[in-house]
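Visitor: The lines below spell out each chain.
Number of protein chains: 2
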Amino acid sequence: MNKDQLFEQIKRKKSFLCIGLDPALEKLPKHLLKYNNPVLTFNKEIIDATKDLCVAYKPNTAFYECMGLKGWETLIETWKHIPTDIFSIADAKRGDIGNTSAMYAEAFFNKDQSGMSFDAITVAPYMGKDSVEPFLKFEDKWVILLALTSNTGSIDFQQQLAAEGKLYENVLRIASTWANSEQMMFVVGATKGAEFRNVRKYAPDNFLLVPGVGAQGGSLDEVCENGLNQQCGLLINSSRGIIYAGDGEDFAEKAREEALKLQTQMEAWLRRANLI
Amino acid sequence: MNKDQLFEQIKRKKSFLCIGLDPALEKLPKHLLKYNNPVLTFNKEIIDATKDLCVAYKPNTAFYECMGLKGWETLIETWKHIPTDIFSIADAKRGDIGNTSAMYAEAFFNKDQSGMSFDAITVAPYMGKDSVEPFLKFEDKWVILLALTSNTGSIDFQQQLAAEGKLYENVLRIASTWANSEQMMFVVGATKGAEFRNVRKYAPDNFLLVPGVGAQGGSLDEVCENGLNQQCGLLINSSRGIIYAGDGEDFAEKAREEALKLQTQMEAWLRRANLI
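Each protein sequence line maps, in turn, to chains A and B. Note that the numbering used here gives residue 59 to position 59 of the first sequence, counting from 1, and the numbers run on in steps of one. Note that the numbering used here gives residue 122 to position 122 of the second sequence, counting from 1, and the numbers run on in steps of one.
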């Protein structure tokens, strides 16, 4: 999916919601445990109940890998269940030397090889340009580079001063020379709401993937006020706040209610910004 | 495996060689293609032919993930084939917010959950302390944190000046407050041979995992001269130089010959340093 197509979806659905599919077996509604693959059943019901309210799904690979072989199979089957007109993000935080990043690109972008072909993958910037380039060779596929993450550990390096600005500012500035806003997004945590205006100085046209609304305490309004651009430019993610909204047989309905609340807020912001 | 046990293995085998198990299907000897799982057959023969010459094996997860479900199964089966007295490293370059890194720790350290229980995992430092801590909660399991990597992209951020020293120096300094040398190693590329003396200022007692000898052009002698410490403190990795030494039916024998060359050089360095 390219940038214009993503913006079209945002306008059509009046939403820039991304739903994180991070299912932990012990948190699933108990009635699902009777199924052969409770996690997959859970994911499918969540997707079916929310797909008209969001523009992206983001499975975090850790939650699948911890279940071993069955987990990897569940990740593939979950990707297959995401409708093709919804932006799919492998939240994998990968990144390695060039020949190895090329293998990760095959793993997440080439379904003939791996069974999965996500629209985007999250990548850690620490290893620099040649660790990112192999992902950019796939047409209409995206790198979502970690810039300023939502966790407390973002203070350790990202927010430390470098010789010129902070490290995350250098990541934004330098990585913007590797690819334009048609193929590069950045992760900026919602818990860093006040920094969005600064982020936009370095990345005015890029989409930003924004985790941290909900369980982590980030503010949707603060992110929108400082982060919206002329093509929306935001994918705001909620995982736990939506997928664990209920733990009974009506869990998917409850998830939909939470997704609807966020979509309604987002619609208001899109109107305020004259984007719809 | 703890640090003393690792040092015992090094003295016993007169080697600090780590062999990278990074098999690409198109590079395998052609006669293996008749097997149901050529990559697994390849890995098993490489391990069987070299296990008396090395102290560690390091499968890079990218090379397995790119083969989809069968690849993940091959990774698990490869881990099972590594003898328990050999240090096993999941070269996975993971790292995420705390609750997610905890899932990655389950994936690579808890075989009851995932089918695999490596001794160590490589982790990217960009997300800071709380992204690393969950891995440290496992007794006798190790984090191998990326510090100064072997690729050209290491110039982009790692070698850039921060307010105090270079970024990779800050990674060494700050991460050393998170865990001691019993649980924390660092990745330092062999292509950065001249920097090892500097690395040792920040990490005198830690083991360093050193990729980049061989195909990437790093010098074993330069690394040893500047990097050996009182418990050896080096695991020098070679992947392509060993596993692709031959492409005929005798590929495992050829791999053994290359491993033996490196082991012989390492033995000489261990003697010179009075460690054996």
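To be clear, the hints were calculated from the coordinates, so they are not data collected in a lab. Nothing here was measured: the structure is a model prediction, and the numbers come from that model. Heads up, some of the hints might be wrong.
No copy is singled out in the list; a pair is fine if it fits within one copy or between any two copies.
Below 27 Å or equal to it, Euclidean Cα-Cα: the simulated DSS-like pairs (lysine-lysine) are [claimed, not checked]:
(1) K137 to K27
(2) K111 to K27
(3) K137 to K70
(4) K30 to K111
(5) K70 to K111
(6) K3 to K27
(7) K3 to K14
(8) K111 to K201
(9) K201 to K166
(10) K137 to K261
(11) K34 to K111
Visitor: Is it within, between, both, or neither for K137 and K27, if the alpha carbons may be no more than 27 Å apart?
Guide: Classified as between; 22 Å across copies, 38 Å inside a copy.
Visitor: When no copy is specified for K111 and K27, does a C-alpha distance of 27 Å or less occur within a copy, between copies, both, or neither?
Guide: between (30 Å within a copy, 21 Å between copies)
Visitor: Since the copies are identical, ignore which copy is meant and state whether K201 and K166 lie within 27 Å (CA to CA) inside a copy, between copies, both or neither.
Guide: Classified as both; 13 Å inside a copy, 25 Å across copies.
Visitor: What label fits K3 with K14 when the C-alpha limit is 27 Å: within, between, both, or neither?
Guide: within (16 Å within a copy, 56 Å between copies)
Visitor: Is it within a copy, between copies, both, or neither that the alpha carbon of K137 lies no farther than 27 Å from that of K261?
Guide: The answer is neither: 38 Å in one copy and 38 Å across copies each exceed 27 Å.
Visitor: Taking 27 Å as the upper bound on the Cα-Cα distance, should K30 and K111 be classified as within, between, both, or neither?
Guide: between (33 Å within a copy, 24 Å between copies)
Visitor: With 27 Å as the alpha-carbon cut-off, assign the pair K3 and K27 to within, between, both or neither.
Guide: neither (35 Å within a copy, 37 Å between copies)
Visitor: Have a look at K70 and K111 and pick one of within, between, both or neither, based on CA distance no larger than 27 Å.
Guide: both (18 Å within a copy, 13 Å between copies)
Visitor: At 27 Å max between alpha carbons, let me know whether K34 reaches K111 within a copy, between copies, both or neither.
Guide: Result: close only across copies, 24 Å inter versus 30 Å intra.
Visitor: At 27 Å max between alpha carbons, let me know whether K137 reaches K70 within a copy, between copies, both or neither.
Guide: between (30 Å within a copy, 25 Å between copies)
Visitor: Within a copy, between copies, both or neither: which one fits K111 and K201 at a CA-CA cutoff of 27 Å?
Guide: Intra 36 Å, inter 46 Å, cutoff 27 Å: neither.
When the structure is compared with the earlier hints, violations turn up for hints 6, 8 and 10 and for no others.
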